[in-house]
Amino acid sequence: MSSEPPASPHDVPEVLHHGPQRWLKPAAFIAAGVAAAVVTAGLVTRGMAGEDLKATASTAAISTVEVIAPVTDTASEPLVLPADVEANDVAAIHPRVSGYIRRWDVDIGAHVKTGQLLADIDTPDLDQQLAQAKAALATATAKQGVAKTSADRWNRLLAKNAVSQQETDEKTGDFVERSADVQAAKADVDRLQALESFKRIVAPFDGVVTTRTAHVGALVAAGSPNDPGLFTVADVHQLRIYVHVPQVYSSQLTPGMEASITVPEYPGREFKAKLASTSEAVGAQSGALTAELHIDNPDQALKPGDYAQATFKLAPSAQGVLRLPSSALMFRQKGMAVGIVDAQGRARLRYITIRHDLGATVEIATGLSPRDRVIDNPPDSLEDGEKVRVAAPAARRG
Numbered sequence: 001m002s003s004e005p006p007a008s009p010h011d012v013p014e015v016l017h018h019g020p021q022r023w024l025k026p027a028a029f030i031a032a033g034v035a036a037a038v039v040t041a042g043l044v045t046r047g048m049a050g051e052d053l054k055a056t057a058s059t060a061a062i063s064t065v066e067v068i069a070p071v072t073d074t075a076s077e078p079l080v081l082p083a084d085v086e087a088n089d090v091a092a093i094h095p096r097v098s099g100y101i102r103r104w105d106v107d108i109g110a111h112v113k114t115g116q117l118l119a120d121i122d123t124p125d126l127d128q129q130l131a132q133a134k135a136a137l138a139t140a141t142a143k144q145g146v147a148k149t150s151a152d153r154w155n156r157l158l159a160k161n162a163v164s165q166q167e168t169d170e171k172t173g174d175f176v177e178r179s180a181d182v183q184a185a186k187a188d189v190d191r192l193q194a195l196e197s198f199k200r201i202v203a204p205f206d207g208v209v210t211t212r213t214a215h216v217g218a219l220v221a222a223g224s225p226n227d228p229g230l231f232t233v234a235d236v237h238q239l240r241i242y243v244h245v246p247q248v249y250s251s252q253l254t255p256g257m258e259a260s261i262t263v264p265e266y267p268g269r270e271f272k273a274k275l276a277s278t279s280e281a282v283g284a285q286s287g288a289l290t291a292e293l294h295i296d297n298p299d300q301a302l303k304p305g306d307y308a309q310a311t312f313k314l315a316p317s318a319q320g321v322l323r324l325p326s327s328a329l330m331f332r333q334k335g336m337a338v339g340i341v342d343a344q345g346r347a348r349l350r351y352i353t354i355r356h357d358l359g360a361t362v363e364i365a366t367g368l369s370p371r372d373r374v375i376d377n378p379p380d381s382l383e384d385g386e387k388v389r390v391a392a393p394a395a396r397r398g
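For reference, each letter of the sequence shown is one residue, going 1 to 398 in the working numbering.
Treat the hints with care, as some may be off.
[Stated by the list, open to error] 25 angstroms max Cα-Cα, derived PhoX-like pairs, lysine-lysine:
#1 Lys148 / Lys199
#2 Lys113 / Lys303
#3 Lys113 / Lys199
#4 Lys272 / Lys313
#5 Lys134 / Lys199
#6 Lys303 / Lys334
#7 Lys334 / Lys387
#8 Lys272 / Lys303
#9 Lys160 / Lys148
#10 Lys199 / Lys143
#11 Lys134 / Lys113
#12 Lys199 / Lys186
#13 Lys186 / Lys134
#14 Lys313 / Lys274
Read the hints as simulated data drawn from the structure, not as lab findings.
Using the sequences provided together with the hints, build the complete structure.
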């Protein structure tokens, strides 16, 4: 039996040797294409998700706001303002002479009349000066008499040509000089006597004593600028009331118009005052006009220094007054502002002037129109030009 040698690889038919390579190459291409498609789909999906996130974040960044319209009110609201009550006349009484308090006759709260004695001052130095001045006046008067006698004698002798004209003129001149000395001494006595009258401290007008610093035995000095005074007397039969009226109301103030005055110690009671005058100038710092009212105080119920409120009844405005809730206000560095929404859906800051603060609402003087869409309860971070979304009416009602 003959055996055949083993087959050589080179003897394997060509179909078997090259077959696997022919079908593996297309499979590899297919797999690569599938993988690329998967990657591409993933990138597209991720990109779309990123865009969605950006859109969501952008939408979330836009604030949703509620808008309201200013209310136009033509009714007249009373103007209520704080007021300062002062006495019609007030005088701090200072000593005009130096000395010691001998006695005082009235205390705070005492009602006094013009010229009534309040205190008495002991002035030993002044008394001594007056005595010396009187003595000097007596001496000057005596010398004047001697000079007059001499001048008269020399004039008679001159008529007889017994003395010279020069000697006569000298005697006459001496008399004139002595007469001037008498006038000076008399003026000094009058001055000191006038000062003596200031030892009696008297009331300058009818009123009430509001302060007293006088004490028996206390040393007082005349003309001390820092001295508060021995007494203060105030005339409270009529009072002056000062009110700082905002500039926007100044044109409605007319002399003679009435105002109601109220004070905490008399709840429910109104005191009628009349406008006497205004400062006719607006304060640079306050932006207000000072109004002075006069009020009779026969029962002296009102006291100088009282905290009071003045109520003015103003005429209604023909154009009406714009009102907003206080919740719409924003306090910014440049002043009071509100936020409005423009036609492009952006917030705009509008600086305003408040006419009258009514508590829950405010009256707007300038900076707003009835057509403005005002943001209610604006966020503190609201910026001018910021994109906003206006809440639907249903959402606002809910």
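Tested hints:
1. For the suggested pair Lys148 and Lys199, the alpha carbons sit about 38 angstroms apart, so the restraint of at most 25 angstroms is broken.
2. Restraint check for Lys113 and Lys303: the C-alpha separation of about 19 angstroms stays at or below 25 angstroms, so the hint holds.
3. As the CA atoms of Lys113 and Lys199 are separated by approximately 18 angstroms, the hinted pair is consistent with the 25 angstroms bound.
4. The straight-line distance between the Cα atoms of Lys272 and Lys313 is roughly 12 angstroms, inside the 25 angstroms bound, and the hint therefore holds.
5. At roughly 19 angstroms between alpha-carbon atoms, Lys134 and Lys199 fall within 25 angstroms of each other, so this suggested pair holds.
6. Simply put, Lys303 and Lys334 have alpha-carbon atoms about 40 angstroms apart, too far for the 25 angstroms limit, and the pair is violated.
7. At most 25 angstroms may separate the alpha-carbon atoms for a hinted pair to count; Lys334 and Lys387 meet this at roughly 22 angstroms.
8. At roughly 15 angstroms between alpha-carbon atoms, Lys272 and Lys303 fall within 25 angstroms of each other, so this suggested pair holds.
9. Between Lys160 and Lys148, the direct Cα distance comes to roughly 19 angstroms. Compliance with the 25 angstroms bound is thereby established for this hinted pair.
10. Taking the CA atoms of Lys199 and Lys143, the gap is about 33 angstroms. The hint is violated against a cut of 25 angstroms.
11. For the hint pairing Lys134 with Lys113, the CA-to-CA distance comes to about 34 angstroms; that exceeds 25 angstroms, so the pair is violated.
12. A threshold of 25 angstroms between alpha carbons decides the hint, and for Lys199 with Lys186 the separation of about 21 angstroms falls inside it, so the pair holds.
13. In summary, the hint linking Lys186 to Lys134 is supported, as the alpha carbons are separated by about 8 angstroms, within the 25 angstroms threshold.
14. At roughly 12 angstroms between alpha-carbon atoms, Lys313 and Lys274 fall within 25 angstroms of each other, so this suggested pair holds.
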